[in-house]
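Residue-level listing of the chains:
2 protein chains.
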Amino acid sequence: MEPENLYKVRHSLSHLMAGAVLSFYPDTKIATGPAIDNGFYYDFEFSAPISDKDLGKIEQKMRELLKKWSTFEKKEITIAEAEKMFADNPYKLELISDLKKEGAVPTIYTSGPSSSEDRAGAFTDLCAGPHVSTTKEIPSAGFKLERIAGAYWRGDEKNKMLTRIYGLAFESKEALMAYELQQEEARKRDHRKIGKELKLFTISDLVGAGLPLLQPNGMIIREAIEDYLWELNKNKGCQRVWTPHITKKGLYETSGHAAKFGEELFRVKGGEEEFFMKPMNCPHHMQIFCDNQFSYRDMPVRYFEPATVYRYEKAGQLSGLARVRAITQDDGHLFCRVSQISEEVSTIVSIIKKFYTTMNMLNGYWVRLSVRGDDRSKYLGSDEVWEKAEKALEDAAKENELNYKRVEGEAAFYGPKLDFMFKDAIGREWQLATIQCDFNLPERFDLNFTNEKGEKERPVVIHRAISGSLERFMGVMIEHYAGNFPVWLSPTQVKIIPVRENHNDYAKKISDELKGLNIRVDLDDSDEGMGKKIRAGKVNKVPYMLVIGDKEIESGELSLEYRSNTAEPGKKEMINLENLKAKLQKEISERL
Amino acid sequence: MEPENLYKVRHSLSHLMAGAVLSFYPDTKIATGPAIDNGFYYDFEFSAPISDKDLGKIEQKMRELLKKWSTFEKKEITIAEAEKMFADNPYKLELISDLKKEGAVPTIYTSGPSSSEDRAGAFTDLCAGPHVSTTKEIPSAGFKLERIAGAYWRGDEKNKMLTRIYGLAFESKEALMAYELQQEEARKRDHRKIGKELKLFTISDLVGAGLPLLQPNGMIIREAIEDYLWELNKNKGCQRVWTPHITKKGLYETSGHAAKFGEELFRVKGGEEEFFMKPMNCPHHMQIFCDNQFSYRDMPVRYFEPATVYRYEKAGQLSGLARVRAITQDDGHLFCRVSQISEEVSTIVSIIKKFYTTMNMLNGYWVRLSVRGDDRSKYLGSDEVWEKAEKALEDAAKENELNYKRVEGEAAFYGPKLDFMFKDAIGREWQLATIQCDFNLPERFDLNFTNEKGEKERPVVIHRAISGSLERFMGVMIEHYAGNFPVWLSPTQVKIIPVRENHNDYAKKISDELKGLNIRVDLDDSDEGMGKKIRAGKVNKVPYMLVIGDKEIESGELSLEYRSNTAEPGKKEMINLENLKAKLQKEISERL
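Protein chains in written order, with the numbering used here: chain A, 1 to 592; chain B, 1 to 592.
Derived from the structure by calculation, the hints contain no laboratory data.
A hint or two may mislead.
Straight line, CA to CA, 25 Å or less: simulated DMTMM-like cross-link-like pairs of lysine to aspartate or glutamate [to be verified]: (1) K199(A) <-> E455(B); (2) K391(B) <-> E408(B); (3) K453(B) <-> E528(A); (4) K144(A) <-> D54(A); (5) K234(B) <-> D227(A); (6) K354(B) <-> D512(A); (7) K586(B) <-> E557(B); (8) K249(B) <-> D54(A); (9) K541(B) <-> E528(B); (10) K269(B) <-> E401(A); (11) K196(A) <-> D291(B); (12) K67(A) <-> E2(A).
Values in this document were obtained by computation on a predicted structure and should not be read as measured data.
Build the full structure now, drawing on both the sequences and the hints.
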């Protein structure tokens, strides 16, 4: 099913649900009922509370209505007609009043038995649509009611709390079941839960929501990812820079970000001076560029900085590492000539492909190439430059055999871009990497270099992120691997378990040998029993476990157990120390 | 001369200068005249402007007065007497009014010819002292007047601008000359000047004063220092953590920093929520500790984080990297048992000694051991814990053969500490590393771990910094090395200069070979002449230069020139590529 059609199905189901609800509770006031990513919801003001137990009968009634109903008929009406029609519904009246202010024409959708039949069971809603043209398009086995929740009218906590009923809806029973299975799996691997179990990060009430602190285990993962990103970028000629986290207002007035970010900006005062927390790193990198007199021989100039920006989001929207107020971007800005865009983009694409291959996420990825729409007045920069840039991006996509879709009209006003969508281990899609051409900031900051003719030439800026927000990326990785990180990312790489106390010395010797190679070892020489030590290793999701007892000391070979985050889960083998070292070093250095 | 005596000499010279000034300009109003680090100053309100040209005669008069004057006599007077005595001097009247508010007794110092002689030439000042007992203590050749500057009365720009005359004063002519030589050398190696020349950092008007941005060259140095610090700390069991830059007010209310930092705090608002920029990392690290249930087997716990804190300083006090508003601390917090303090301190001392040996700063260092004074009520924590901690610090100082001085009464209220003073290449002293015991934060944050008996036990916190502020440390290093960084810190390590265009390919081959070993190479294959290329290499203070021409290509050996930042400045030799690689790799990896 095409996304547009699934959207119509979901939206139509919300009407169906409202119809079913009204058949049981006729004095219910209906508010709004849109389609959402996994189905639909409708907000109601019930005269008496309902509970999850009531969902069954409502769902059953929906299936009955689905057989009876046939069409969704659209009709334009006047404001006066609308006000009369919904006179006893304050929510609809508020919506109608908004339409009136906007000068918009209200539309209603009526659904029910086909027009030739009795219209008694019909349901009419104030609604902009769109809907399916016939209920036959709605797969009866593809939906179910999910849960009840409270929701303020229009999302504003000053308003009345309504009752929201959520429904899931997909194109088939199989798609619905797959989604439910995915959700169940997602709950098991929730990064907030695993983050606690593996001691990766801390949310502190005293520090504040959306401001996670990384525990040593989390920092090991963060550092491994950052180091890898820096290695990939450094190898392609990037230079590292550093910028502070606050700035005078003027910088973001010049860049235009002050207006763009508005209420999302953290405002800072020192004495009587005013500053912003930086919401983006770009303007700072422009300033670093500006303080040089570059010639064409120096181009491209490439800056890299994993830098933390701050954006104020409402407390209710914050969640673990997924949605935070302190966002560390793996930020990079390239300054190049128009003729160099193609090669630069190709290089970035190669970095992205390598990085996501390592992360085991390249399967099923796709790329959105966003280009200009027909209304050329919306975009900054000359036709010539745009055409070259769009072509450069598309050429790079082709050369690198990217699975891409060209989407007209989705470009930013400042330039075309490539956005990369990757699927995690349970099939969820994440927008992560991005490459964006920018003709705007070079103008605003009057960037230039001296060309072959001794003239000033304006460079193009390319923004690019490989992982995107490192916090969000870590959250995605925790869920992608369900905490079973590959050995190079694992906080503890090898757990060594001496069988009895008299094996501790030998175990210590092995531990020191591995630590000497920068391998992260946990030697568990506590008084606990072996079973308990092994269980603890499993709980901590350590990829390799080494048990050391009489047999191992006598034979000089070590008992190695492979856990699920290795290439051969469950394998057990005897291995000598030199081979173990070589094996681990290879897996770590090659990020296998 | 003891520091206290030199202080008295300097303070007495400011009176001498005021006496000399009044002899030329009797209607001058005198304000205040303290001793400072390198001499003294006095602030005057002149009735007509004076200039640097007038300093000579004032200085000459001072030497005359020095012969005539003999003593500095102190006398307590009443507020009323003081008001009468200084009735025509608004500055002194303001000071007297302050004394009155404080309930303090005014004192005056009268200096001039010995009491048996005519008192006509005497000079009397409202002054708390102390002064030399006789002018014979003042070395006549050890002082000179330095310069004139404007200064607001009491440092407040809302007040009247006065004229400040600065004088230099030391214990002997030799000491004065040595200081002047040092100052001249310091001007040559000013880190702001070298920072521009070598493109290390940028101060941007749009970003703001005290918020330097690191250029790629600066970031190479910063990263090399940070990596080294992390290596040293990691090898001693430190774990890296990460904390955000803003926090809710509550954290610093719990820690007590909110009150301590007051006006220095940057206040942040997101929506209607209030935050602070963090002025210290300690409270965040306490929160990371708190989110664990540690046992005695886990102790010590050691966190390391090079983290940026923000403190609001007045714009006028900011200077290059030396005094900034964004301060990146190489911060570390250790949590240990009282019995573990000694070993932990010893480990930190060994890190500090190793680090400053590498930095070539260990010569002439000394350490201040600050312990409690007699008034025990000023300090937090039991006598027993204090005695153990002071002994642990002193034992570590002895074991590590530190050149230390024990200073009673200089401890912080929360614990004793060791502060390390290092001398740079021109003999200036910098307080850099510090190790501080803290019995306060563990109380405030209710830190604990489970001991052998299953009881809660309170750990001690040890704050420690090796480099201190990385910005300031980089400033110190730029001046210490005068920009001639040792090869491991040099932004460019080798400059390769092909003699003519037909040598470019061979030069490129050599360049790629070295780059493959992560050596930072600048291949200058531009069209410039060889002389110009070599001069550019010298200006950029590149430690090694390789010239490649016919001779080199034929012989297969490279012409290597050693610059002043190498072990053998000026040396030239022919060296083959393998030996060059080995040589550079050794110098870089061993940080020679």
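To see whether the hints hold, each was checked on the structure:
Note on K199(A) and E455(B): the hinted pairing holds, with a Cα-Cα distance of about 23 Å set against a maximum of 25 Å. Simply put, K391(B) and E408(B) have alpha-carbon atoms about 13 Å apart, close enough for the 25 Å limit, and the pair holds. For the suggested pair K453(B) and E528(A), the alpha carbons sit about 17 Å apart, so the restraint of at most 25 Å is met. A hinted pair counts as satisfied when its Cα atoms are at most 25 Å apart, and K144(A) with D54(A) qualifies at roughly 13 Å.
Proximity of K234(B) to D227(A) is assessed by CA-CA distance (about 16 Å); at most 25 Å being required, the pair is judged to hold. Distance restraint check for K354(B) and D512(A): the Cα-Cα separation of roughly 22 Å lies within the 25 Å cut-off, and the hinted pair is therefore satisfied. Proposed proximity of K586(B) and E557(B) is supported: the alpha carbons are some 20 Å apart, at most 25 Å. With a C-alpha separation of about 46 Å, the suggested pair K249(B) and D54(A) falls outside the 25 Å cut-off, and the hint is violated.
Distance check on the hinted pair: K541(B) and E528(B) sit about 19 Å apart at the alpha-carbon level, within 25 Å; holds. A distance of roughly 47 Å separates the Cα atoms of K269(B) and E401(A); the hinted pair therefore is violated under the 25 Å criterion. With a C-alpha separation of about 10 Å, the suggested pair K196(A) and D291(B) falls inside the 25 Å cut-off, and the hint holds. Pair hint K67(A) plus E2(A) holds up; C-alpha atoms about 23 Å apart against a cutoff of 25 Å.
The structure shown violates the earlier hints numbered 8 and 10.
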